[in-house]
Amino acid sequence: MTEATIYELSSPGRTGVTFPEPDVPRAKLPTGLLRKELPLPEVAEVDVVRHFVKLSQYNYSVDGGFYPLGSCTMKYNPKINEDLARLPGFAHTHPLQPVETVQGNLFLMYTLQEWLKEISGFPAITLQPAAGAHGELTGVLIMRAYHKDRGDAKRTKMLIPDSAHGTNPASSAMTNLEIVQVPSDGRGNVDRVALRAVCDETVVGLMLTNPNTLGLFDEHLEEVIQIVHDCGGLVYGDGANLNALLGILRPGEVGFDVMHFNLHKTFSTPHGGGGPGSGPVAVSAPLADFLPGPLVGILEEGDEDEGPLFGFVTPKKSIGRVKAFHGHFGMFVRAYTYIAMHGAAGLRQVSEYAVLNANYIKARLKGVYPIPYDRTCMHEFVADIQWPQAPGVRALDVAKRLMDYNFHPPTNYFPLIVHEALMIEPTETENKVTLDAFVEALLKIAEEARTQPELLKEAPHETPFGRMDDVKAARELVLCCYLPEGYAEEG
Amino acid sequence: MTYIPHSLKERDAMLATVGVKKLEDLFQDVPAKHRFPKLDLPPALTEMEASSELMELAADNENIRGDLVSFLGAGVYNHYIPSVVDYVLRRGEFYTAYTPYQPEIAQGTLQAIFEYQSLITALTGMEVSNASHYDGATAVAEAANMAYAQFRGKRAKIVISPTVHPQYRATLRTYVQGMGLEMAGDDPTADLEAGPEALESLIDGNTALVVIQYPDFFGRVYDLAKLIEAAHSQGALVCVAANPTALALFKTPGEMGADMVVGEGQPLGIPLSFGGPYLGFFTTRKQYIHKMSGRLVGETLDSRGQRAFVLTLTAREQHIKRERATSNICSNQGLLALACAVYLSVLGKTGLRQVAELCYHKAHYAADQIKKVKGYELCFDAPFFHEFSVCCPIPVEQVNAHLLDHGILGGYDLGQDYPALKDRMLVAVTEMNTKEEIDALVEVLAEARHD
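Residue numbers (the working numbering), protein chains in the order written: chain A, 1 to 491; chain B, 1 to 451.
It is worth saying that the hints were derived from the structure and are not from the lab. Treat each hint with caution, since some may be false.
Only some residues are given here: those of chain A computed to face chain B with a beta carbon under 10 Å [claimed, not checked]:
hint, residue
1, Pro211
2, Glu219
3, Val254
4, Gly272
5, Ala288
6, Phe325
7, Tyr360
8, Ile371
9, Tyr373
10, Pro391
11, His408
12, Leu443
13, Glu447
14, Arg450
15, Asp469
DSSO-like cross-link-like pairs, simulated, lysine-lysine; straight-line CA separation at most 27 Å [stated by the list, open to error]:
hint, chain 1, residue 1, chain 2, residue 2
16, B, Lys422, A, Lys316
17, A, Lys366, B, Lys435
18, A, Lys79, A, Lys432
19, B, Lys33, B, Lys22
20, B, Lys291, A, Lys472
21, A, Lys317, B, Lys157
22, B, Lys226, A, Lys148
23, B, Lys38, B, Lys154
24, B, Lys321, A, Lys157
25, B, Lys372, A, Lys28
26, A, Lys28, B, Lys22
27, A, Lys154, B, Lys157
28, A, Lys366, A, Lys432
29, A, Lys157, B, Lys291
30, A, Lys28, B, Lys321
31, A, Lys157, B, Lys157
32, A, Lys154, B, Lys154
33, B, Lys321, A, Lys472
34, B, Lys286, A, Lys36
35, B, Lys22, A, Lys432
36, A, Lys366, B, Lys21
37, A, Lys472, A, Lys54
38, B, Lys33, A, Lys117
39, B, Lys226, B, Lys286
40, A, Lys117, A, Lys316
Treat the numbers as computed from the prediction; the structure is a model and nothing was measured. Here a beta-carbon is modelled for each residue, glycine too, at the ideal position from N, C-alpha and C.
Make a model of the complete structure from these sequences and hints.
Below is the structure:
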């Protein structure tokens, strides 16, 4: 069943692509500086195609089926976006070209900035960060810079709810902040009493995911924000769950000071097997001067005959750049197309149906799957796999068994405050037939858990690969393959 | 309802199951006065309309595969990408998959990353590669983060050569704000004629990391072995930011003793795309693996005894260790790492060497022709790869404006970053540039002098 590695497919003297002979005289190579061996594989083009096609067939994907991975927003990726991002006018422009030669790109980026500001209710934004976690780091550096600029040097603590994504504490730790965990209350909201107790003049801010990772909208959101503001702290909004809020609520309007977007979740840019992401960061007016530069701005206003001249501007007290160039432009083209094709009403529908789909699955599973915080959920919800009738069965077993029914498992063991968590996020792009089939599979698995638990314990059975020996991988640490010894002589 | 497949009948049936009357009822927890804001966005376009709008925007740019002939590099380069690369990338099984957290149904992504790691270690001459970072600049920043962790914060200095890409240095300056590290050597007014040994005087017992670029920002190739030895004698680690195409031709930093070799992977099969997404490759020695950030794929067996691949040493990562993780990084550049793996596979041993040699010969031909033009000369005389600095008789801005009038995208204006390099232009030549194009560049440069 397994596929050879590209090195195992290699055969001396075989070539894939060849290039023309030089049309200029050959220059003298600096012999003392040259490398001797270049141990790359030697394969033909057809070998490469078959190899990677075979590998692709081992993958589960959104194009292949339902992917209800909580917190990851695995919605359908429109195909037109892929075509447009590859137009030569976009794909073959250099990031350092004179601005006069890339007005199309700059208009697109400027407009996307404006649209994301409108959607989120913030007055300023940078598109530069490469991914969600990168956006978090950017946001935290901005919060620090803001306090420092006010001469407020005492602030060293970041408050983070116990339901937060792991990137929140990790991003804060990258800037040497002390992490203070804030518990959740019995309804899955931030515990306001505990929050008040830790809010003082040493707090940089609170990193809040809303709706949170239980899929719940905090019932006291405005009060939570007020408590933090009252002690001089700022509130960071983790935009991972923005798919529930398009046209529903603008985070900038309720008092958030900073928020990152995940264009690869909310705005349909593909996840690519782990990236690229794109994590623009929007901020409130007092923080605008600290954004990383450069941003796209208008250099010269237009008139009746000509449009404005777009170019780059760097904010006055910018924290500096967070990566080279201007961000993941290819993702901007896709997100722009997605927003343009939805408009305001369409975006609101995205969130409404994402929330409907999640509530529908939850309603249908209720009674069979324990739901620890049983309120109307937003775009996702969490079940807790603790069945008295099937004491040995864990969330992992249910997840693995789902693969036999040809569904991608939900996120498991997250958030950490639910012991045997299965976190289900259907997104808006799935129809009722798919949702029903998924529910039926889960109900069947619940029955199997009681009657034939070994079916779950040993799952998956129908996939090309079984469960993995993670210990062996970590102990032996085989992290690459090479050309075999004596390879060249064999040829 | 662009990508929403429900019929109204299905919607109503679902609302009934949930136990609410209308969609609005699902949002009772949202503060009423902020609920359902009216968004001021243009009316929705159909696919056909969106397609024409975006085509028009793309046409408002002057691209370098038709509109302009490019001699601009400065960190990212116009290389030929074989069709196979995008053919593989456009397979939905790859690009619409998530991070391979469920290895039983993600062996395609996992094996592809494993092969990417293998190809990158072979190219850099190193022992271990992670599954990639965002880009070259953030890979350098992660090297600083790793060195900081390796010395448990007890060494507070990063020495960086002024000949490292200005945007990489800028990115590192942003990252170290938080870590409380100091940077030395980040001085654009330093002597830029000096070789890598010039950094030695800055390295001391408080130095965690030395960062140098290979070939440097000006395209020059130096043997780094002596500098690396000097750094090691002070106990410091050395990170080399390398151009991956150059590594097909020149001695690897691994061979010279580097502890980390990182860089911008864009030249390996990724279009310029106005700045991204690209690929930050990151390699190190096995002994430092537990302090390395980013995902890592390792070989193992599955329950049926088949060779298989998994994400390994995940205890370094944020979703397990939270604030004690080696870095906050979560995403890698999975799809771009795949592009790179396909590119390196299909070019292979002979193809990549051919590309590197073509770049070398063409760049040297261009340099030889340009220095014959009255008023122009090469600024440095060190060996170079495919990029070189030209001293111009008039400001680079004027030269470039003239070139642009003739459909040529000129080189990078070094005066923007280095005050001493006013009127100096960094010219890049790749296998994509023909002799005719180079000759045209030389001719227009000669004209520009008289303007």
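*Taking the numbered hints from earlier one at a time, note which ones the structure violates and give those numbers from smallest to largest.*
5, 8, 9, 10, 12, 13, 14, 17, 22, 23, 26 and 30
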